[in-house]
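Sequence order for the protein chains is B and S.
Quick note on this note's numbering: the first sequence kicks off at 50 and runs consecutively.
Quick note on this note's numbering: the second sequence kicks off at 270 and runs consecutively.
Just so you know, these hints were derived from the structure itself, not from any lab.
Glycine is no exception: its CB is placed at the ideal position from the N, C-alpha and C atoms.
Hints may contain errors.
[As the list claims (entries may be wrong)] Facing chain S, according to a computed beta carbon distance under 7 Å, are these residues of chain B, among others:
id, residue
1, Asn136
2, Ser167
3, Phe297
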Amino acid sequence: MRITPKTAFFVSLFALVLTKTTAMEAATALVADLSRDHIEITTSFSGTRLLLFGATEGVGDVVVVVRGPNRREVIRKKERVLGIWINREAVTFGGVPGYYFQASTRPLSQIASKNILSKHRIGTARLVLKPLDGTSPALANNYRSALLRLKQDHGLYTVPSFPIKITGGRLFRAELVFPSNVPTGIYAAEIYLFQNGRPVSISRKTLTVRKAGIEATIFEFAHQHSAIYGIFAILVALFAGWLAGVIFRKV
Amino acid sequence: MDLYFPIAEMSLNAPMLFGLGTGVGILSGMFGVGGGFLMTPLLIFIGVPPAVAVGTEANQVVAASVSGALAHWRRGNVDIKMGVVILIGGFIGSTFGVGIFTRLRNLGHIDVVIALFYVTFLGIVGVLMVTESVRAWLNSRNPTASRRRLHQHTWMHGLPFKIRFRRSKLYISALMPLSIGIFVGILSAIMGVGGGFIMVPAMIYLLGMPTSLVVGTSLFQIIFVTANVTFLQSVQNQTVDIILALLLVVGSVIGAQIGTVLGAKLRGEQLRALLGLIVLAVGLRVAYDLVAMPSELYSFAVSGGH
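Chain B on its own, in the form it takes in the complex (with noise of 0.2 Å):
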């Protein structure tokens, strides 16, 4: 979106990261991190793309996952009464990332097993989502694909892919993309190198995605101090509406 004009600044980063890791050769395989450390959420906000960038020995694989905060996950299932859709059951979910991204160098299923990738938790189909209402396991499997569907149609969950590049034998590069609804909190960036099915080494960043601004303070007093921002409401609106009919008056 708004990355080219930055091209440049990257490129002076990506040859300060690998003179770094000329240094450093020896005791890491791997050097990462990010174009921005955190995503403010202002009135402007429809979106976002940041880019992770680092350089690696060259021999292997990169896989990047990166994981927004936990938290607790409700899916209701709608089905037909009286020939209209509402819902019926749920399923109460712990543990769930509020956002998930992966991305490799090429499939998952080529650069390591089946238990290491479990073991790191990498790739959406090996998350652990737990149901907490004590839901038999057939019937929270629905919930769980119907979970991972939903969240990768909101956008929130990036679909297995793997659009790392590595350029040169050394320097990789991923595009990380945010969408608008995007949830507040800490998130955690996992770069991993892998060789001969092992990850060799790990480098990690975090990453704050807050509400900035007007949109903040809209968003605190709305729910810490709700009676004062119900009130606050009203008189703008009394105020706007006494506005209106003064400026229109003699029209």
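Dock chain S against chain B, hints included.
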């Protein structure tokens, strides 16, 4: 230009919303209706969560009815005593209504209930408007047709707690305006409307109030009932988006001025038939969404924290 709305928690196209406000404002100026009963379903159609659409619209109706009520107040078209009795009912009804709203929202049924209320009332009002204007049109071609009597004695006039309303020249039971107030208050809470489209005919046909006082008195009490709904929705559900409400207010205020000018140039029955058809079309669309098989049967509930 997209704007991020803090309570709806989504970004929406600001000029489009402004246009929506102006469009509904034009209709409300032309027909002298509040417009909340069109705006709320339209907001839901463009993706605003139904609960937020209802809470925000209640807030917008406060602003819309203030300017209208002030104009009627200056001309002395408000029966305060009647307004206050209806208002007491309105407070009871809307407080009860927001309570039901909150419970239904927690159970996950609020979207369907909002839609059912809209289908019912848009259907009834739309059909009444269209038939009324067709009848008026026929009568104008056949002037010998009988006129409806304005004041008829029914069982309602035997109710206790009779009060004299000097301004309206009525001596009726307080229970009648009170129960109209309660009923419209519940509608106001669940649909995010002022309820003028129910209140006005009820005041004319059930109470027998003089037509000149009806609109002003209705708007007078709508200010307070929708203010109560705004307050209670803010406290119980945090579903009032002040930014969205303001944007719609500005659009609808401008639209209402255009609509008033347009309305003066067009013929009454045709206008009423047109509004009736618009109301029916919106009602049918809401009904379709209720019965059509959804493309996705599963959905997220209102997020219950972390």
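Report task. Provide an ascending list of the numbers of those earlier hints which the structure does not satisfy. Result -> Of the numbered hints, just 2 does not hold.
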